[in-house]
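Asks: Chain B is fixed; fit chain P onto it per the hints.
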Amino acid sequence: MKTLIDHIVKVGIADLKFAEAPMHLRTSGLGSCVGVVIYDNRLKIAGMAHVMLPDSTSAKKDNINIYKYADTSLPALLQTLLDKGARRHQLKAKIAGGAQMFSFSSTNDMLRVGERNVIAVKEFLENERIPIVAEDLRGKSGRTIEFSTETLMLNVRTVNQGTQDL
Amino acid sequence: MASIESLTAFQLDVMKEIGNIGSGNAATALSKMLNKKIDMHVPSVRVVDFEEMMNLVGGPEEIITAVFLRIEGEVPGQMFFILSPEEAESFVKQLTGIDDFSVIDHPDNLMALSALQEIGNILAGSYLSALSDFIGGSLQPSIPLITIDMAGAILAEGLLEISQVSDHAMVIDTLIDDHGDEGDPIKGHFFLLPDPDSFDHLFDKLGVSD
Chain B
1 MKTLIDHIVK VGIADLKFAE APMHLRTSGL GSCVGVVIYD NRLKIAGMAH VMLPDSTSAK
61 KDNINIYKYA DTSLPALLQT LLDKGARRHQ LKAKIAGGAQ MFSFSSTNDM LRVGERNVIA
121 VKEFLENERI PIVAEDLRGK SGRTIEFSTE TLMLNVRTVN QGTQDL
Chain P
1 MASIESLTAF QLDVMKEIGN IGSGNAATAL SKMLNKKIDM HVPSVRVVDF EEMMNLVGGP
61 EEIITAVFLR IEGEVPGQMF FILSPEEAES FVKQLTGIDD FSVIDHPDNL MALSALQEIG
121 NILAGSYLSA LSDFIGGSLQ PSIPLITIDM AGAILAEGLL EISQVSDHAM VIDTLIDDHG
181 DEGDPIKGHF FLLPDPDSFD HLFDKLGVSD
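Line by line, the protein sequences give chains B and P.
Residue numbering for the first sequence follows the working numbering, beginning at 1 and increasing consecutively.
Residue numbering for the second sequence follows the working numbering, beginning at 1 and increasing consecutively.
One should not assume that every hint holds.
Using 30 Å as the maximum straight-line C-alpha spacing, the simulated BS3-like pairs for lysine-lysine come out as follows [what the hints assert, rightly or not]:
id, chain 1, residue 1, chain 2, residue 2
1, B, K140, B, K122
2, P, K37, P, K187
3, B, K10, P, K187
4, B, K10, B, K44
5, B, K92, B, K17
6, B, K122, B, K84
7, P, K187, B, K140
8, P, K187, P, K93
9, B, K140, P, K93
Using C-beta positions, here's what the derived DEER-type ranges look like [what the hints assert, rightly or not]:
id, chain 1, residue 1, chain 2, residue 2, range
10, P, D200, B, V133, 43 to 51 Å
11, P, V208, B, T151, 52 to 60 Å
12, P, I98, B, P22, 46 to 54 Å
13, P, G58, B, Q161, 20 to 28 Å
14, P, V208, B, A21, 52 to 60 Å
15, B, G139, P, G24, 23 to 31 Å
16, B, D83, P, E17, 47 to 55 Å
17, B, N41, P, G58, 33 to 41 Å
Simulated from the structure, these hints should not be mistaken for laboratory data.
Yeah, the Cβ is synthetic: ideal placement off N, Cα and C, and Gly gets one too.
Extracted from the complex, chain B is given alone in its bound form (with noise of 0.2 Å):
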């Protein structure tokens, strides 16, 4: 590998994190949650978000950590961006993500959790007018992420499907 560690912004599950060229952002061990880069192409800037949930009005509790939620996560990372100085009609969006991990047979609605974020998560983007230019979605492997802020790629890894560059 010749990225160095040091050059690697870590994004933990239900976390948000922002990264300038030559930073690679990071995040690990994506099962059903879904791993959201949006970037602006020129300036070379990107927010990496890790979310765990398509929905905070299903919270139950007051003080919630909006970087669990697609709805409340992503409009973070969209303004942060822009007062970053990202220019709106430049950014563009990779996403990962939304496996199944276990197959149950239940119609229980936690369980199709993983689906239910990937529709989140693109509902937003479309009405944000944010173009998805990479995706690699559903299935039931856990995948880790890393965005290059230098090449604008999106390398996924896999434990049985090796890697790949988005």
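Replies: Frame of chain B; chain P shown alone:
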């Protein structure tokens, strides 16, 4: 209200005691199955947050073997039984005699997977029956599902329900000692994730609500 973050030392001790009784039952079942002496005990019960939970199993990217069960009944929730690849392989070897099972290179050995699933089933079943004796109510485990993948991807799934109200889960560490010549006891982790509303009810039933 007994939220998971504010469990008292006494309540954790109660959970540990239940863990020990459950693992005692499980050890007996395993001993019979493997036809040799197996000891199990629970050194600690802890409450951890998401990140700590991931770190316990070696980080979110670490490959783990996880048996996952949904618990229905008196105290609904989820349960994981986690083994590292080496531990899973050593278990499979003892249980089935298959010695070329590799979690990473040959993860599709159905016999091996089903053996692991069965171990998870026995252990979880023993643990749950101890717990249900204590609370005098019934707990039904779902069919166990086995998955081998990144820890973060697997565990986040179990955290979904609980993460609506809290960022914490209860961990029941379990040591499995087969008195064999090969190294240390197998370290398995049980993660017990009661649904958010289950906690009050659980400690009520145990007579240790504060």
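Asks: A separate judgement is required for each hint: does it hold in the structure or not?
Replies: A quick look at each hint next to the structure:
{"no.": "1", "hint": "B/K140 with B/K122", "verdict": "holds, 19 Å"}
{"no.": "2", "hint": "P/K37 with P/K187", "verdict": "holds, 16 Å"}
{"no.": "3", "hint": "B/K10 with P/K187", "verdict": "holds, 28 Å"}
{"no.": "4", "hint": "B/K10 with B/K44", "verdict": "holds, 18 Å"}
{"no.": "5", "hint": "B/K92 with B/K17", "verdict": "holds, 16 Å"}
{"no.": "6", "hint": "B/K122 with B/K84", "verdict": "holds, 23 Å"}
{"no.": "7", "hint": "P/K187 with B/K140", "verdict": "holds, 27 Å"}
{"no.": "8", "hint": "P/K187 with P/K93", "verdict": "holds, 16 Å"}
{"no.": "9", "hint": "B/K140 with P/K93", "verdict": "holds, 27 Å"}
{"no.": "10", "hint": "P/D200 with B/V133: 43 to 51 Å", "verdict": "holds, 48 Å"}
{"no.": "11", "hint": "P/V208 with B/T151: 52 to 60 Å", "verdict": "holds, 57 Å"}
{"no.": "12", "hint": "P/I98 with B/P22: 46 to 54 Å", "verdict": "holds, 47 Å"}
{"no.": "13", "hint": "P/G58 with B/Q161: 20 to 28 Å", "verdict": "holds, 21 Å"}
{"no.": "14", "hint": "P/V208 with B/A21: 52 to 60 Å", "verdict": "holds, 56 Å"}
{"no.": "15", "hint": "B/G139 with P/G24: 23 to 31 Å", "verdict": "violated, 40 Å"}
{"no.": "16", "hint": "B/D83 with P/E17: 47 to 55 Å", "verdict": "holds, 53 Å"}
{"no.": "17", "hint": "B/N41 with P/G58: 33 to 41 Å", "verdict": "holds, 36 Å"}
Hint 15 from the list above is the single one not met by this structure.
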